[in-house]
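Novice: Line by line, the protein sequences give chains A and B.
Going by numbering that gives the first Met the number 0, the first sequence opens with residue 0, and the numbers climb by one from there.
Going by numbering that gives the first Met the number 0, the second sequence opens with residue 0, and the numbers climb by one from there.
Each hint should be verified, as a subset may be incorrect.
[Claimed, not checked] Label pairs and their calculated CB-CB ranges: (1) B:Q71 x A:N89: 32 to 38 Å; (2) B:V86 x A:G124: 35 to 41 Å; (3) A:K159 x B:T83: 36 to 42 Å.
[Claimed, not checked] Only pairs whose alpha carbons sit at most 30 Å apart, straight line, appear in this in silico DSBU-like list of lysine-lysine: (4) A:K121 x B:K82; (5) A:K166 x A:K69; (6) A:K121 x B:K115; (7) A:K159 x A:K105; (8) B:K115 x B:K82; (9) A:K69 x A:K121; (10) A:K38 x A:K121; (11) B:K51 x A:K38; (12) A:K38 x B:K115; (13) B:K115 x B:K51; (14) B:K82 x B:K51; (15) A:K121 x A:K105; (16) A:K166 x A:K38; (17) A:K170 x A:K159; (18) A:K69 x B:K115.
Keep in mind that the hints were calculated from the coordinates and are not lab data.
Backbone N, C-alpha and C fix where the C-beta goes; we use that ideal spot for every residue, glycine too.
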Amino acid sequence: MNKIIFLLTFLIFGFCGLAVAQMNAPLSLPAAKAPAKPKPPTEIDSDSADFDLNAHQAIYRNHVVVTDPKVRLTCEWMLVDLPQGGEHLNHVVAATNVVVDFTDAKGETNHVTAAQAVYDYKVVGVVTNETVTFTGNPIVEMPTMTIYSEPLVWDRGANKYHFTEPKMIPKDTGTNGPAQKLF
Amino acid sequence: MKWNAATLCLAAGAAILFFAGVSDRAQSLPVGHATDFTSNQYFEPPNERLVKMRLSGAEALPLPGGLLDIRQLRVETFALDGKTQMVVSAPQCNYSPFDGVANSAGHMELQSGDGKIHVQGEGFLWRQTGSSLTISNHVRTLIDMPGAML
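So here's chain B without its partners, still in its complex pose (with noise of 0.2 Å):
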């Protein structure tokens, strides 16, 4: 079978197209250096033109191994209804894009959506699949709503 130049061109189109596409849906971490920067990733169908998690840093630089050392790490979780669940923060992480692992032995901090909750700590481990984060040292929780425990 040959390819004329009508046919490659549409191919091409599309290839572009969906790849555009899929880079606009997975997350899109820069590969190599990078400064201020974001990577979305959306909800499962039928809400998949939402954003889900948004991850974003002011600069990113690869290290070995495939990870990203992640200054100014800013990561913001979302609702279906697109209200802002929690934002996590911190000055420096490395981030492993492949299996959505965060971690950092330096201070981070935990804030979520309506201002309530507030927590800060030394030392992270953030998991992206099953939303999960351990604070390993001296985790402070400011909680400002009644009925706090006591």
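Looking at chain A on its own, in the form it has when it is part of the complex (with noise of 0.2 Å):
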């Protein structure tokens, strides 16, 4: 009996003491949400441009480079067609030379290269498309392999290639192990 008591005490005390411990820690609130950084602006630099303002289209000429956040591109000619009313920008055209570079959702760097391409954005229903298309010879490095594959169409809602008949040569990594899977 004796046993007992002596255990349901130090239990209580033991809680008790527990307790107090955590009323005297400091008080330790989950921590705020910091506001998400707004995106900054898409940034396009060129030798020269012509801004049709009745047809909200804009052509960029010679050394124009389009640098977002993730990506990079370079290219000699490209076309936009400028939305009206802050809406998304849906449809441009990069041509002769087209170089882009970004990382993608691995933290690989992808690295295309084509003659042309094109940027669409559709929104049929509840569904978003938004592609790059790329013709031209259009060939990705990866870290991995080598892809070509015409066209090479870059989804960029699902972050995926839709390759055609694409030829796929690995890169010696150095490891002798097993190619790695693409997706």
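Take the two lone chains and join them into the complex the hints point to.
Specialist: Put into structure tokens, the structure is as follows:
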């Protein structure tokens, strides 16, 4: 019986001690969510440009460089449909020596080259299609392999490539391990 | 046919009203040296009372060939609902009122009415009739909207 009383007393004091210790501990509230950083604007630099303000179109010429937080594109000619009223950009054509560099969701660098790239954004019902279609000998270089595909479609919504009769050449990564899965 | 005094007064009054109306509708750019001027261009009928384009400047100096040297140029274009579509500004340009062409070798800036597109460059040619703008050098565009290309 004494043993039981001792055990109960020990448990009660032990619990109280824990409770007091918790009360004395600094109050730790869940960290307030930092406000989401606004996305920096996309920057387009070029030697020259023509703006058709009736057609709401811009054509950039020579040394065109598009700098986005995650993507960099260079080409020699680019047409941009300028939406009115702050809508979504929906049609961009980049041509001549198109080079796109970006880091994918896995953190791997992707280097795409092609003669032409067409960006399209469409909303049909509840489905959003956002693609970049590369044509003119498109090549995508990843850390593990190089892929040739005509055309090469980059599904921006799903963040995946769609290949047509692709030719894949694995790179020697020096591990002699099995080839890594693409996606 | 003889014109009596009353008829002449009426004719003069009508002429004044007519020219006042014309100058209000058409480009009314300064002919000589002018400061802080504004010139409005209106939409075609039936929206002839709505301003389509407003050209303003801090100073206009006449140049040979009917050109104007405009300082602190500001061109605003408007939609039919009155919303600003675009604002072009330049510290200096030469403007030809007859063919509606402005050009400069200097700096210029363009901003969309909603402020989401901002363009700047060096050297430009603005054709009023086709609403076209060519920027010759160092063009930099900032687009602040989703889906900006990639």
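Novice: Are the Cα positions of K121 of chain A and K105 of chain A separated by 30 Å at most?
Specialist: holds, 26 Å
Novice: Is K69 of chain A close enough to K121 of chain A, meaning Cα to Cα at most 30 Å?
Specialist: holds, 21 Å
Novice: Taking only the CA atoms, is the gap from K115 of chain B to K51 of chain B under or equal to 30 Å?
Specialist: With a Cα-Cα distance of about 21 Å, the restraint between K115 of chain B and K51 of chain B holds, given a limit of 30 Å.
Novice: For a C-alpha distance cap of 30 Å, please report whether K121 of chain A and K115 of chain B respect it.
Specialist: Since the Cα atoms of K121 of chain A and K115 of chain B sit roughly 20 Å apart, the hinted pair holds (cutoff 30 Å).
Novice: Has the given pair, K51 of chain B with K38 of chain A, been kept, meaning a C-alpha gap of at most 30 Å?
Specialist: Not OK: K51 of chain B and K38 of chain A at ~33 Å, beyond 30 Å, violated.
Novice: State, for the Cβ atoms of Q71 of chain B and N89 of chain A, whether the hinted interval 32 to 38 Å holds or is violated.
Specialist: holds, 35 Å
Novice: Confirm or reject the claim that V86 of chain B and G124 of chain A have a C-beta distance inside 35 to 41 Å.
Specialist: Distance hint for V86 of chain B, G124 of chain A holds at roughly 37 Å.
Novice: Need the status of pair K121 of chain A, K82 of chain B: alpha-carbon distance at most 30 Å?
Specialist: holds, 26 Å
Novice: Take a quick look at whether K115 of chain B and K82 of chain B sit within 30 Å of each other, Cα to Cα.
Specialist: Status holds; Cα separation ~14 Å.
Novice: Between the alpha carbons of K166 of chain A and K69 of chain A, is the straight-line distance 30 Å or under?
Specialist: Satisfied, since the Cα-Cα distance of roughly 27 Å is no more than 30 Å.
Novice: Just to be careful, I want the Cα atoms of K38 of chain A and K121 of chain A compared with a cutoff of 30 Å; is the pair within it?
Specialist: holds, 21 Å
Novice: So if I understand the rule, the pair passes when the alpha-carbon distance is 30 Å or less; does K38 of chain A with K115 of chain B pass?
Specialist: holds, 13 Å
Going through the hint list in order, the structure does not satisfy hints 11, 16.
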